Every structure is written in structure tokens, then in C-alpha cells.
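Undergrad: Read in order, the letters of the sequence shown are residues -20 to -1, 1 to 598 in mature numbering (1 follows the signal peptide of the UniProt record, and there is no 0).
Read the hints as simulated data drawn from the structure, not as lab findings. A portion of the hints provided could be inaccurate.
[Stated by the list, open to error] In silico PhoX-like links for lysine-lysine, alpha-carbon gap of 25 Å or less:
id, residue 1, residue 2
1, K581, K386
2, K478, K493
3, K158, K386
4, K133, K493
5, K326, K267
6, K253, K133
7, K503, K478
8, K211, K525
9, K478, K509
10, K502, K459
11, K488, K139
12, K158, K581
13, K488, K502
14, K133, K478
15, K206, K190
16, K158, K263
17, K509, K495
18, K133, K158
19, K502, K571
20, K92, K78
21, K478, K525
22, K583, K571
23, K583, K158
24, K493, K539
25, K493, K588
26, K98, K357
27, K78, K46
28, K502, K525
29, K459, K158
30, K481, K502
Since the model is a prediction, treat every value here as computed from it, not as a measurement.
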Amino acid sequence: MKRILFILTVVLLQSSTSYGQQPINRVEPPNWWIGMQYNEVELMVYGQDIASYSVSLDDYEGVTLKQIKQVPNRNYLFLDLKIDGNARPGNLTLRFTKNEAEPVIHSYPLLKRDPESKNVAGFNSSDAIYLITPDRFVNGDTGNDTVDGLKEKADRTFKGGRHGGDVQGIVNSLDYIKDLGFTAIWINPILENDMQTYSYHGYSTTDFYKVDPRYGSNESFKSLCKEARDKGMKVIMDMIANHCGLDHWWMQDLPSEDWINQWPEYTETNHKKTVILDPYASKIDYKQFFDGWFVPSMPDLNQRNESMAKYLIQNTLWWIEYSGISGIRMDTYPYPDMYFMSDWTKAVMDEYPNFNIVGEEWVTRPTIVSYWQKGKKNQNGYTSYLKSLMDFPLQNALVTSLNKEKTWASSWTDLYETLGQDYLYPDPNNLVVFPDNHDMGRIYTQLNEDFDKYKLALTYIATVRGIPQIYYGTEILMKNPGTDDHGIIRSDFPGGWKNDKVNAFTGKGLSAKEKEAQGFVKKLMNWRKNSTLVHSGKLMHFAPKNQDETYVMFRYDDKEKIMVVLNKNTKDMELDLKPYKEILGDQLTGKDVLSGTEFTKAKKISVKAMGAMIIEVE
């Protein structure tokens, strides 16, 4: 890796790459819109010795060229455009002049903005999210499995290879996802990832403005967002501000040495997230956390570079405006410069006030996760504008409680006490709750393929506060026995490829238990979709008693109540309702959503061994 960084520096200083006669290879962002709050746009212009050209903007009402910025690499220019409110749609004419030669003309599109785009509604607690790794879901277009000019070819026999899933496959499956009861889709990164190997996961971006052709095109992704919206569903785009891929086009010819965080030799992040607030943290530990690389193939971007910061903010706004997405999941949220992340999130929320972003902060301590949520008053004065976070603490506690053996204390204590720390969050109802995701073992595997525990877990995720997210295939008990290899965790969805022997869309080849799981998820999520009480109601839970393997919580408001019972006892039991008198009263009348069992003026209820109940109280 030391050799790679040395080469980058040499290329930067010599600017020796040849690009033929065309002086302009790229202008990013490729266009902008009138009527945006973000109306000062910095264009990155890239081309051989482009800094040797003089640049001017032909007269255009409402638009001015405020600044031309040069950087150490003369193959780059940064042009600052100011777009006033009186500007009209059209094409700006940028003239690049050198000596006595004919000027090079670049026509830059300034588009009309959809007046409703600023009001796009983000995902919220009324939604349930279906998470998809696109390469592994459905192959809707076999013609793009292998694309000429891209390094990695399709190889479905290789667990870490490209398998052929794509945007069209997701489009073809929208009705299936909707029928399951989901109202939003989170798609793992779909931008170009032109790496030599293991490119399918998408987290090594090589072009921030281009959908990977093996998934489709920018236009096909935009169409997916529209088709989903027409069906009442939202699309959440996975983004990465912390790093890019080593084969990103600019890595062979950096604008400046500080475009990425470089070290004398390869230095990995220490992942020590406590340094953010640790009063005793050393400066080198602090620096290594933020500036260290994730892996050698993912250069760490330097958001303290002003042009890099603008580039990332503009790229995000461009994708929201262009595609019509309803949310963003930001990968590795705490690893970029944290003050940049505050600026980035604020820029998005200022432009789209009803939008939502969920940040990944993979740590199991609510004290750290809560640091990043909007409204948190932090001791160091840090202000965040991030509305939502992935609730890793609750996921960890759920699995721990379900797998823990009975002791003198209830095994539900971990889950109960973790939820009890919600006082740390400014808005716990905006957290995303989940049994598993693309980076961890499948929940069925985490629970040692115990079907009863699986149903307890999903019942809890569907009824606790927050926004539930389920990984594709969870509904049919996909698993990863004996391995944590991500290529196995992200296995192909059965039925997503022609001639698959098992087809989860039709039920062909599914076992009886897999069909039962699919039906369970469908019932659970469709019920949740129509239960406004679960979306926004208050929550009350009762401390699990020692030697008692039941956990009871209520969702309620001034008019309605839902009682959730989770029973880990291995025998059927009678649950005395007296301990819940303060919310339930002296007796229970209602119906269990899952079994259909009705209760009339009950003072005790029968609960199945290892069973869950969701009782709508009358």
C-alpha cells in the first residue's frame, strides 16, 4: 500500500496522464436546477492541462461565474456558479480559451425543477423497509450481467462474484414486496463499482454520478423510483461519504494530495468510536479513527478539503433531485469528518425538510449511537442534523435475550434494559430497528435456526417503537450456517434467476416451514401497515420478573391499546393480567392478531410455549 500512495503523489505532481485531444473529459455535477436553495454550485472540470485555459461564461440572466479555482494538479479546474432566483432553464455556455486557438465550448444544462421535489416525504415510523442487495435479489435483465469495459465479469458460481441481480429485477418484484406489507425499499449501493473483484457489494464507488451498468442505468433507477412511488412505496438510496474505490477514476490523477487522507504507509482506522467524546483520547487515536482507511481497496476521502466537501454535498442533492428517492442510508456515518457530516446532513434537510436519512453507527451502546441524532445536546457542543440511526444496540439485545438461557433473572432483561435507555435519544421513534442486515449473520442463523425464536424476534421488531427493516430472504428463513462469509449471507434470492429450482415468488420448492415464515411476515407487516397505533403510539413495557420468561409491552394512545406478549417459556402458561392493571384495567377484552383468538373480560390468558401475541384491546 505504501507503493500505491507513493504512485498517487507522483502522478499528482507530474500530471502526466494523457487523455488525447479532448481538453474536457468530465464536468461534475453534470447539470443543476433552478429554484434550489443550494444555488452556489462548484463544477469540477477535468481534462488534460485544463488549468492552462482561460474560462468565461457567456451572458446568462441570473447566473454568474463567481470564481475560478486552480489546484496543484493542472488537469482540474473548479468553477463556482451563482444561480439567482431570476434564472431560467436553459444551457449555460462555458468558453475555454487558450492562446489564439478556437475556444472550446461546453454547454452546461440548467434544468427546470419539479416544484414538488422539495416536499418529498421521507421514510418514517409508518413505514416498513425491505432491504435488498441488488446483485443477489433478482436478475431482471440478463443482457447486463457482463458489460464490456468493466473489470469483473458475471460468475454466479463464485460466492464473492457478480451474480446478475439488477434494477429491473427489483422493478419486477415491486408487487411481491408490496404484497408482503412493506412500504419502503432500501437498496445497497448501486453506483458504479468497477473493481477487479468482490465488486458486487457496491461500497467501493468508482463513479459517484453513474449507476453501475451491470445494474442498469441512471434512467432505469429513476424509473424504479417512479414505479415504486406509483405503488405507494419509497426508495432509500445507500450512500458512502467516507471512502471511494481504489479504482475510482480520480485515484490515478488526484486534484491535490489532500483530496484523500494519505499516510506514510497504509494505516487502517482504529474503529475506536469513543475518541469522539473521550476526554483522555490522544490526538493520534482521534486522527486514526477519522482519517484511517477501512481497507486497502477503499481510499479514505478528506472532507476537510473544501472542494471535496462541496463535491459530496452536491452529489447527494443531485441524486435526490434527479431520481426522486425518499431517503438515504449513510454508510459508516461516524467515520468521515464529523463536522462535515453535520454540514452535509443540514444541507440535505434544508433543501428537503421532510426527507429522512438513517446513519449507520455500528456500536451496541446507546450512549454512542445517540450522540449523532438531531436534538442531542452533546457535552462537546457538537450539533447533528441526522434524524435517524440504525438501532444496533436493540438488535444486539434482542438476539442476546432470545439466545440467553434462563438464570435467576429473566433472559429478557438485556432487551428490557436496552429499550429503557431510550431517554438518551432525542427521537427514539425515528430509529430503524431490525433483526439483521447485509453485514451480519441472518437472524435465523443467529437464533440457531429456532423457528419459535425467529417469530418472537420479528413480532418484537414489528411492534416496538421505530421503523422496522427486514433483509430480503428473512421472510423465507434464508440462513448462513457455519460461516459469516458475506457472500453466503448475501446469497441469491431463490426464484430470482431463471430455472431456479426453488422460487420464493411462487412458493415452488419452499419447505412447509419456509412457507409458514413467509405467511407470518406477510400477516405481520400488512397488519402493521394499517396500525397507526404502532406507528406513533406511546410505549409502556413491564419489567420481566426474575424466573419469569415473559416480556409484556403496550402500544397505546388516549383511545386504543395493543398488548404484546413474548413468551420464552417452553411450556404453555397462564398469564395473570393483574400486574398490568395500570394500563389494562381489571380485565381484558380483545383479539390476538396472530392467532385470531378472542378474549372477553379475561383476567388471565393462555399463552403458547415460545409464543407471541399481539392483542388489540377493545
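Undergrad: All hints, please: hold or fail.
TA: Evaluation of the provided hints:
1. K581 x K386: violated, 32 Å
2. K478 x K493: Cα-Cα ~24 Å, so holds.
3. K158 x K386: violated, 39 Å
4. K133 x K493: violated, 36 Å
5. K326 x K267: Holds, at roughly 24 Å.
6. K253 x K133: Between K253 and K133 the Cα gap is close to 37 Å, so the pair fails against 25 Å, i.e. violated.
7. K503 x K478: Judged against 25 Å, a Cα distance of about 28 Å means the pair is violated.
8. K211 x K525: violated, 45 Å
9. K478 x K509: violated, 32 Å
10. K502 x K459: holds, 19 Å
11. K488 x K139: Given pair K488, K139 holds - Cα atoms ~24 Å apart, limit 25 Å.
12. K158 x K581: The given pair, whose Cα atoms are some 37 Å apart, is violated under the 25 Å limit.
13. K488 x K502: Holds. K488 to K502 sits at ~17 Å (cutoff 25 Å).
14. K133 x K478: holds, 19 Å
15. K206 x K190: holds, 18 Å
16. K158 x K263: violated, 49 Å
17. K509 x K495: With a Cα-Cα distance of about 21 Å, the restraint between K509 and K495 holds, given a limit of 25 Å.
18. K133 x K158: Status violated; Cα separation ~32 Å.
19. K502 x K571: holds, 18 Å
20. K92 x K78: violated, 33 Å
21. K478 x K525: Outside the cut-off at roughly 52 Å; violated.
22. K583 x K571: holds, 14 Å
23. K583 x K158: violated, 38 Å
24. K493 x K539: Violated, because 37 Å separates the two Cα atoms, which is more than 25 Å.
25. K493 x K588: holds, 18 Å
26. K98 x K357: Roughly 28 Å between the alpha carbons, so the hint for K98 and K357 is violated.
27. K78 x K46: Holds, at roughly 20 Å.
28. K502 x K525: violated, 32 Å
29. K459 x K158: It holds: about 23 Å lies between the C-alpha atoms, which stays within 25 Å.
30. K481 x K502: Holds - the C-alpha atoms of K502 and K481 are around 23 Å apart, at most 25 Å.
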